[in-house]
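Chemist: Below are the chains, spelled out letter by letter.
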Amino acid sequence: MSTVPKETIEVIAQSIGITNLSPDVAFALAPDLEYRIREIMQESIKCMRHSKRTILTADDVDSALALRNLEPIYGFTSNDPLRFKRAAGHKDLFYIDDKDVEFKDLIEAPLPKAPLDTSITSHWLAIEGVQPAIPENAPVEAPTEIRKSSEYKEDGIPVDIKLPVKHVITKELQLYFDKITELVLNKPASIPFRRALISLATDMGLHPLVPYFSRFVADEVAQNLHNLTLLFALMRLVRSILQNPHIHIELYLHQLMPPIITCVVAKRIGNRLSDNHWELRNFSVNLVASICKRFGNVYHNLQPRVTKTFLHAFLDPTKALPQHYGAIKGIAALGSRLVRLFILPNLEPYLLLLEPEMQPEKQRNETKRQEAWQVYGALLCAVGQCMHERAKIFSNLLSPPTRASSRPNGKAMIAMSSKRKASTENLMQQQQPPLKKLATDAPGGVVPMNSMSVDMQMQGSAGAFSTMMGVPNVGASSMARQISNDNTMGREVGGQQSKVSSILAQAWKDDIDAGQLLSSVYELFGESLLSFIPKAEAGVFL
Amino acid sequence: MEEDEIAGYVTAYLKKKGFTQTEKIFQEEFQTNKTNSSPLEPDIAKHILSFSQLESGPARFHDGYSRLRSWTHCSLDLYKHELLRVLYPVFIHCFMDLVAKGHVQEARHFFNTFREDHEMMHLRDLQKLEGVLSPTHLEEMEFAHSLRQSKFNIKICEYSYELLLQHLHSTQSTTILGIINEHINFQVTPGQPSSIVDDPEAVTLSGSSQDAANQINQKEIHWGLLEDSLEERLEKASSLLSDSEKGEGEAKEGETEENKKRPVEGGKQGASIKKVKKDKGGSATGKNTKAEVNTVSAAPRVKPELPMPIIPTEVEQSILEDLRNRVQLSSVALPSVSFYTFLNTHNGLSCSSISHDGSLVAGGFSDSSLKVWDMAKLGEQTASSLSQDENDTSQNPQMGQSGGGKRQYTLFQGHSGPVYAASFSPVGEFILSSSADSTIRLWSTTYNANLVCYKGHNYPVWDVQFSPVGHYFASSSHDRTARIWSMERIQPLRIMAGHLSDVDCVQWHANCNYIATGSSDKTVRLWDVQSGECVRVFVGHRSMILSLAMSPDGRYMASGDEDGTIMMWDLSSGRCLTPLIGHTSCVWSLAFSCEGSVLASGSADCSVKLWDVNTSTKVSRAEEKSGNASRLRSLKTLPTKSTPVYALRFSRRNLLFAAGALAKNG
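Here the protein sequences line up with chains A and B, keeping their order.
Heads up: the first sequence at position 298 corresponds to 298 in the working numbering, and the numbers run straight through without jumps.
Heads up: the second sequence at position 56 corresponds to 56 in the working numbering, and the numbers run straight through without jumps.
In isolation and in its complexed conformation, chain B is listed as follows:
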């Protein structure tokens, strides 16, 4: 009797779907097998029965989800937070299924009924999904697309898993069960449920892209430093140099640097105090130098895959000089921070960059202009010109403008759209700027002129970065590609394609063999410059990635996103070491100190934060086996006076420069 019923359902189903051939065959086989077929288990019969109800319309999504939801909320407290994780994937897939089936109105109703539950964790995704109102939108939108194709990984303990399955079976909510089977990948762990603390890996998006990522992350990368780098040379040289001599040299340099700085800073602080501190720093440096040298040399050496430009000897000398006089930073010895504040930008400053020695500051403006200030020169003039200017403007405003003839900055005009990024070459003789007009321009700071215009991107170029050795540079664009260029060619050398959305930022690896790109698809990718292949995919951010930084030893990478989260990645394993939580708004800029012990981050929340990298990486190395990643320590927060921090740069001597535009309050 039951069998007949089942057969009836099956035929009905086949008819509905239009499988006439199959239906016929089924009928025939059913007839022949009727006699000798073993009776089906009643359980299965029930299941099939409930599957037949599948066609009962869009309401079942709503019902199924709300049942699951209320059950979850009533479940045992101990397991509740684990079960709650299941709700979000189910929710969005219910919604997308409804949309895909064309039940748009029901989908909207469903979405609005339950969206509040997930707003706290997934607001941005919800906002994106909210607009999806037809099956074609679903196809068009890359976010929805990737969701459909991938699976959620959810870590869950054994008992919670059982609870969930029991519930689903007992309530016969096959719709939900189907979604869960289709889109969720449970990683069932034995024992107690995980702690309620937000574990970033508890829920991860995966699936086809994740598999690809995992596969990609298997590839070998050589994160070591370049052979025969200047640091290495310095190390050799320093072993020859006796300690006493070095001490002397340092003291002297400290003074000269101070002299150089004083005009720039306008002597705001008592010089005597600074000197005392400098000397102290110097003595500390002397002691620590050896240890530091050891850590750097511990990094493996690799051969450059690109032909390297030759560095002129005098430049090399000056860099070596800087390296010798580097202040050793650590969690105990924090850097000095010099802050450049842009005034009267009228909300037009869209990017800022600081040269490696901090003497040049560039600002890219939304009126297509690029302005470069020479801070060393500015310092000499400020005292006199400032008072003069003020007199001028107060006496006759007309004159003020003509006085602008001797501007304080060099104006570079040539772009035809907002300038979104600027980058100084290592020596500071060139600037690259990228703009919404989809071009990149190379400017010379010595001749104050535009040298080359690089065309290749089809859409606004969001970011451009010189390689650590100069000559090569990388750009990233709205056209979802990143490109590698050399200064002497107007065509790109490599095109890196693979991101699912805009490539928002780009950063070179210390050994120039790799570049990292951050994207609006919330992933960071590492690309091999020589082959153009993607060698790592870093998944974990919850929003658009805005800034990247590579540690000087080439082992770690930091990435900052729109929400203010910073993640520290191990390049070789492709895993996130620790999220650094503290900023409350966009992280515009990240910078590692020159020996890699301190990470600085600048944010739209008007603060510069300093993070201790050394201890955290050491700890993680030690505790890697135990699988317990501790959070990085925030060393210090330096609030600015309503000035979002746009750019950060550690000079070769480990002085931190920061820049930002003063924002009017209200």
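Extracted from the complex, chain A is given alone in its bound form:
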């Protein structure tokens, strides 16, 4: 009947030396015990309230016991609330996890740091009823309320004309900035730095510091390309600033973008060979992608400019492989559409370039080979994702009959190509025309780019149109040059491959048969591509 079972009473009795407690007594005592416990708890709650707390502590129970002239409970005093653990198998049974501590350990342990002394700080919670956006105040969530209050202020108060304000940074903010920069430069792996990142991502009132931070990032990136950890710390800093909802970062994007892109396509990052600069590149690519996604529709020329930079890096064979890697990753991160526009048409010749670098017999340098493989992986990933999305679209679009018809097509083509592979005689003959076509079709090369920039325009990039026009030309011509280079070198190129290249060259077209595209890409990458394509679609296309 009482929540205290009579066994409890018996146990307590035994613990104080009463062995022959009759069950009746236990039965009678149980409800009284419960009542007393509740009484003590009621008093404890009073003590808790008067200590202005909302969590009951052992101290409160002690003072409640003192009120009733009882001995306090020893051994639980702590200013922090106790941490309870749920007893396994019981729904509402808790206990305090009490660890055994060795005396020896306790004695030998160094003296703990003295706790910080109590202090007071003051700030404005509100000025004339309006909360200033300073770090000490909680983030404002209710703009509706502000609007309401402004309604009252409408009556007849003249409009304030804001004079140009000298940019003054308070001492606190200066301290904050110094602390953060110091952490970045000296202890980028420490826990305080992680805290600082969280603070940067959430605190209000940091806006005045943003120009300083962006300047800092730009400077440090420029000077410390060899220091991978520092670069990483800087990129994390940028990410935190980007995450902060109270900062209008778009005003400083022009300052922030160059260092980030540098971290993507820099020629050489880090001192040692073991430095994992790939990760940094990936990280920075994600930053770029998120920026483009967030501000792309506000700043029309942002994405085209970024794309341009990446494309430059990608299409220049003189650039180092890590740069290519960054560029490919960057383009891929900006969307599969760009992969289709820029990478697929150039895929085949590029792979030709890359292939010798990947083979141990042709490229003796171990690191170079690894780099090549990394690039290959990035390419595979980019193309695979693109194809994955294509395949998804088409699986939606294709009605069963067309699917059925496309299947033999694909098969036939593969069969055909394999036939062609077999006949080596045709090789040289068939090699010429498509290449010529590519090389001579300079205007043809422009057309797709035109359509691309029109697409861009549809995204809203009116201003970027003219600037973009130049780039694809360069891209196309360089590509052409590249291919003619290959040609003159007299490489053995399979006829089937030429077919592939022609298909790939058309990849920018929206209505190109995904099946053909896929199979040609499949030719280039082999089985490894299949992992990107959903099973069903793969079955359809191959």
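Source of the hints: derived by calculation from the structure; they are not laboratory data.
Any given hint could be a false lead.
Claimed, not checked - Pair by pair, the computed Cβ-Cβ distance ranges are:
no., chain 1, residue 1, chain 2, residue 2, range
1, A, Lys104, B, Ala449, 38 to 48 Å
2, B, Ala449, A, Leu116, 19 to 29 Å
3, A, Leu116, B, Glu488, 36 to 46 Å
4, B, Leu343, A, Asn297, 39 to 49 Å
The model shown is predicted, which means the values in this text are computed figures rather than measured ones.
For each residue, glycine too, the CB sits at the ideal point set by N, CA and C.
For this one, chain A is given, so just place chain B on it according to the hints.
Modeler: Positioned in the frame of chain A, the structure of chain B alone reads:
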């Protein structure tokens, strides 16, 4: 035939109760009257019959209640919410009857079966009652005691009442009927049932205590302001002062105040912006001054019943200066709030207090210490010492402690238990602190020493407050009394006894003739300081009262409770004007602005709320006749960064100071 039966029941009953004498007499009378007695009505016979079943054991409570409950839940939607109100009183009285009769096990079973129904509204009461397991507990516990002795008032419409009675009669649930008759007082109102919105007066606890309260509330009180107060003097003076001069004075003062504040606040905001705003405020003040003066002077004047201390002239001058430069607050012009955050308190801060000018901040700690910060001095040092301290600690932690030699605060040690309250004298030269060691100590801030230790309470002293004129102070304690003291005597002048539980908070009336006390018995009482009598009882809170505030014109009082409800009371009528609902946790502190137009409340839910008092009281005054009390308007919520607000204080210039200890999350 029926009569015989009845007679049989009656005799059986009498036998059972051991009324042998009565039984005999009854038998005799029954015999003599048998012939000429008029036959009893069959209805009554039936009733008596059912009464005889009363003895059938504890199950009938359970049955009766569950029948009533299911009937109520099946009743017409329109009347359902009214009928549901009846369930709770019936429930707790069924339970207590069962306990009182010794059917403890059944009582527990009954309680657990139906407790969920009432948990939402009455969780705290249920928790208290849950532990009651024997008739002696029932006697011992003041809450149960008061429940047994008092009646519930339930407002109900005519039709619902009829429905209920019909049901009870038709089902012959006499047990329930008995409880309802005994413990519920129906206030039957003609017409439609009241709206479903929670009407605070729909269910009220009353009975003997309520009657007493009503009787007490009949007494006359003089809520007016003191004659010859400083405000009045200022008013006279200001009528002489020409407007232009005043404007100048204000502008100047605004600047000096700003200068004073700047070191304190560390110049966090652009000074220029503040200035513009200040000036605007100033101009608004100029316009509104007259109106404000009128409202204050509208309050009647009363003579002080206590001998008043004499205020030194220079203090008077400075106060007058402050009053002249007061910023006029209203729903349009909200106050500026300066927040003092206690850091590194290690959960030890149990109270906080701010002096009238906001320059001194006191914190009472659970380690028995009282610490006082001088914010004006602190502001000068902060910039330099802060950076130094940080360097110190980072370089050698050992030095950090020795650096504590020049603490930022004054440490007052003397108590031997947690310090639960602190209060500054109006001028700021004295601090009172009350502690769990049942003493109150008076400290001097000029000499940094303990002057007097007041002993009188027998239990922890929860609260202590200086009177608005200083010299006198009031304390409240766990021993269920509040006491009035003067600084120069170590014995209390008056002891106010009457609360049924701890007196948790105390507050002086503006004219010093009354004090208000809030208690764990969920009532607020107003006491006459001169006679020591209770002159008002305010009933309506649902949980322990934690904070009180008196409006400067002396007409209204606000009280805040554990659940976050704030109630605004009219002192003269003793009625609640409106509950202010918005806080979600304990209201630790309340403060009226100096002209009484804005009420600020600080809560454990880490926010300061500002409430519009003017419109609400005006509205209520206008609509008093129509009996429609509108809710007070919440003007603004100012959330803090995980800092519960412990103390609030409007300075004489209407700058709001708030203090709280930063709580670590998680």
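Chemist: State for each hint whether it applies.
Modeler: To see whether the hints hold, each was checked on the structure:
{"no.": "1", "hint": "A:Lys104 with B:Ala449: 38 to 48 Å", "in the structure": "holds, 46 Å"}
{"no.": "2", "hint": "B:Ala449 with A:Leu116: 19 to 29 Å", "in the structure": "holds, 27 Å"}
{"no.": "3", "hint": "A:Leu116 with B:Glu488: 36 to 46 Å", "in the structure": "holds, 40 Å"}
{"no.": "4", "hint": "B:Leu343 with A:Asn297: 39 to 49 Å", "in the structure": "holds, 44 Å"}
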